[in-house]
Every structure is written in C-alpha cells, then in structure tokens.
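Work out the full structure, taking the sequences as your base and the hints as a guide.
Heads up: the sequence shown runs through residues 9 to 224, numbered per my numbering.
By construction, these hints were calculated from the structure, which means they are not laboratory data.
Any given hint might turn out to be false.
[As the list claims (entries may be wrong)] BS3-like cross-link-like pairs, simulated, lysine-lysine; straight-line CA separation at most 27 Å:
id: 1; residue 1: Lys215; residue 2: Lys64
id: 2; residue 1: Lys63; residue 2: Lys202
id: 3; residue 1: Lys202; residue 2: Lys215
id: 4; residue 1: Lys100; residue 2: Lys202
id: 5; residue 1: Lys100; residue 2: Lys215
id: 6; residue 1: Lys100; residue 2: Lys64
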Amino acid sequence: MRLGVGYSVTPNLEEFLAQVEAHEMKFGKPTTTLLVLLLAAFAAAEPTPPSLEQKKWLEQYSGESTSTLLAMEDEYCSESIALYFEQALDQKSMTTTLTSQERTVLVIGALEREVNNGGFLLFFQNSSAEYALEAPDCLEEINCRQGAELARRALVILDVPASASPEEIQNAADEENEQRDERLDQLDQEYFSKVGDLSSALLTFIKNNQENIVLP
Numbered sequence: 009m010r011l012g013v014g015y016s017v018t019p020n021l022e023e024f025l026a027q028v029e030a031h032e033m034k035f036g037k038p039t040t041t042l043l044v045l046l047l048a049a050f051a052a053a054e055p056t057p058p059s060l061e062q063k064k065w066l067e068q069y070s071g072e073s074t075s076t077l078l079a080m081e082d083e084y085c086s087e088s089i090a091l092y093f094e095q096a097l098d099q100k101s102m103t104t105t106l107t108s109q110e111r112t113v114l115v116i117g118a119l120e121r122e123v124n125n126g127g128f129l130l131f132f133q134n135s136s137a138e139y140a141l142e143a144p145d146c147l148e149e150i151n152c153r154q155g156a157e158l159a160r161r162a163l164v165i166l167d168v169p170a171s172a173s174p175e176e177i178q179n180a181a182d183e184e185n186e187q188r189d190e191r192l193d194q195l196d197q198e199y200f201s202k203v204g205d206l207s208s209a210l211l212t213f214i215k216n217n218q219e220n221i222v223l224p
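Okay, here's the thing in structure tokens:
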C-alpha cells in the first residue's frame, strides 16, 4: 500500500521520518492531510516478522527440551535450531537407541550439511555414508519428495548394491570416475535449485512428532 509519491506503510519510526524528510527535500513540506493519513497508517501498520537474516543464531545447546527448542523459532533462525536437534540426538544415540523419527532427524541433518558443503559425493565419502541408504525414505518422511527422488538418483549414479555397508559406499565414492563425478555435479545443481534449505521442513516434522523426538 502506498500513500502518495514516495510513501509506503511502515511500522518503523525511522523509516517513516526518513520518508517525510525525503518528501520535503523533493516536493516541499507535505500537507496536513497527508501527514494525518501517514500517521494513521503508521499507527495501524503491523510489524514485519523478523527475516532469516534478522534472527539470531542459536550458539549453544544447553539441555533444552524438544518443546523449548521449538519455541525458539520466533527468535532464532531455523538452521541453528535444526543443527542443535541433530547434535543433541547424536549425543543421545551414544547411550540410547533412537526412535525412527529421531533417526530421521540425524539423517536429514547429515545430508543437508554434507551436500551443501560438497555435494552428494562428499555425503558418500564422509562418515555420513552411514545414512546414505536411508536418505531417500527420510526425505519422504519430511515431505521432501523431490529431494527423495534426487537422493535415489545419486545412489544409482554411485552404483552400489542396496545392501552396501557404509565402508563400501565410501570406497565406491573414493574411486576416481570423472564421468560419474560430472553426473553427480549436475545432480547437485538440480538439488540446490529444487530442494534448497531443509531446516523448515525438518522442524515441521519435529513439531508433528514431538512425542517420538525427546530431548534432553
């Protein structure tokens, strides 16, 4: 919504005053009627929700519960919250058998981190190879069907059996194969354009499965 030349509705006082000053420099002092309209619009304007860039990064997980971490989404960016779910569940896995939903969080966290850092090839080369065969189904679990299809295609390109161990997956990925690497590179670009950030979808999955994703 705009209110005359050079004006738009804003709940921010500094922006409002800057608009008035800019109008005065360009067109002279605004009329009383226009100022009244502007002030009314300013008073009624809804604050804009913080963007991803404005939200803080959650620096440290300190034993918060699942519900407490999820409640932080209004203040902290989703990537950092998803990361701390992954780290907390990784620690939990050392002493307790995880539920299938908790395992999904670990798989998605590892996939997103490795693919964003170096593509599917890095995902297969690192310790995250442990999750490679589970990745397509876990992506389906968080309703990321395009990602699931791409993960399946990546496994086909890698050309490993359905029963491959993490070590076999890593060894296959470490073999030099220029043609395979080019195909995986193309798949990476498709992944970035079609899938992108998974943190919001992952947090939605966690919200819908809180009874089976338990922290601390």
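Now for the hints, and whether the structure bears them out:
no. : hint            : result
1   : Lys215 / Lys64  : 20 Å, holds
2   : Lys63 / Lys202  : 24 Å, holds
3   : Lys202 / Lys215 : 24 Å, holds
4   : Lys100 / Lys202 : 32 Å, violated
5   : Lys100 / Lys215 : 19 Å, holds
6   : Lys100 / Lys64  : 25 Å, holds
Violated hint for the displayed structure: number 4, the only one.
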